[in-house]
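Take the two lone chains and join them into the complex the hints point to.
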Amino acid sequence: AQSVAQPEDQVNVAEGNPLTVKCTYSVSGNPYLFWYVQYPNRGLQFLLKYITGDNLVKGSYGFEAEFNKSQTSFHLKKPSALVSDSALYFCAVRVPYGNNRLAFGKGNQVVVIP
Amino acid sequence: NAGVTQTPKFQVLKTGQSMTLQCAQDMNHEYMSWYRQDPGMGLRLIHYSVGAGITDQGEVPNGYNVSRSTTEDFPLRLLSAAPSQTSVYFCASSQGGGGRETQYFGPGTRLLVL
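These protein sequence lines map, in sequence, to chains R and B.
Going by this note's numbering, the first residue of the first sequence is number 1, and it counts up by one from there.
Going by this note's numbering, the first residue of the second sequence is number 1001, and it counts up by one from there.
Hints listed in this document are in silico derivations from the structure and should not be mistaken for laboratory results.
Note that the Cβ used here is the ideal one computed from N, Cα and C, for glycine as well.
Certain hints may be false.
Okay, the calculated beta carbon distance ranges per label pair [to be verified]:
hint, chain 1, residue 1, chain 2, residue 2, range
1, B, F1010, R, Q71, 37 to 43 Å
2, R, I51, B, F1010, 35 to 41 Å
3, B, D1026, R, Q109, 30 to 36 Å
4, R, P114, B, G1016, 44 to 50 Å
If we strip away everything but chain B, and leave its shape as in the complex, we get (with noise of 0.2 Å):
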């Protein structure tokens, strides 16, 4: 059972470049989100899902996109990238979205936009 993982580990972009972060779960979790971490800022939920086919915005959408055509995978698309997306990013999965469940985390993927 790996949990959640997150593809690549780091990435270097340049301003302008798109990209894809891979986020995957073998739990059979309903809800998946994205968030990113920032000094002294803590996490901010960008977008999640909860469940095949269905996504929302979170708190700082502008600039990704996501999609959720399966139970296991929830990418997280970066159109256009910018400094100011500078960050690590964490993908979490949970068995329901209510708030009250344990949220799992992946590794982090981290990311310096030039």
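Bound-form chain R, shown alone (with noise of 0.2 Å):
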């Protein structure tokens, strides 16, 4: 089953304009919720994540997210995206059995346009 879903390849964004990526999951009881950046060539980097508390999570490089349970959603933002900021992001959930291992969206590439 299906635990973290992307449903956008690619988003792309003009430059100083709001960025939003959508991540949606489904796993059962309380989820452990990441998001990570990867640039080209590199590994991922941490950029939030969200374990309990406050909803709205900020994180490295001026972005936040936004648990939603009800609608099962975890949704990354920034207010005004910069061209460095292309890369590919991922959403990532923990899966409460097992191993507790992560379950990684397939990415969405962000393109911010000059």
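Structure representation (structure tokens):
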């Protein structure tokens, strides 16, 4: 069963405009949710996570994400996109059984147009 | 503090050959894992370890072996390479394996099996 869905393959946004990368999840129990970013030919870098508490989570590089339990979503947002934000973004959720592994979405390519 | 390092960066193998992908971390992390990244599929867990001497299978373990003789090192062995193992391989580490922890990723090894 798909644990994480990132419905868009690519997100194009003009520099200075708001950026949203969508993520929905389907796991039982309380979800642990993560966003990672991958720049070309690099490993993944941690952006932010939701474990418990405030539904609005602030992370690195001006990114934030809102946990919405009723919609089972954890969308990543940035108020004003930069060209340097162009990268591949992955949403991940802890699978709460067995080995507590992270299930990753397929990733979203973000292209910020100057 | 080098973080997570991986060698080699790129490797070409012929079908049936064996090789070892190296991974090391200098953060004294207990939990280490190997993922493969394929286009449109996100990252999938191959094997993981919760400490020296302890390893277990992830989502896609077939064709791969691991061992963890020290806290720092977690090599991944391909016993008899197949074209289906063409992928980008990432090693990651975290302080614990409970699912809350941030994972730190290496730069990756790009493997081509002919």
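Quiz item: Are there hints from earlier that the structure breaks, and if so, what are their numbers?
Solution: Failing hints: none at all.
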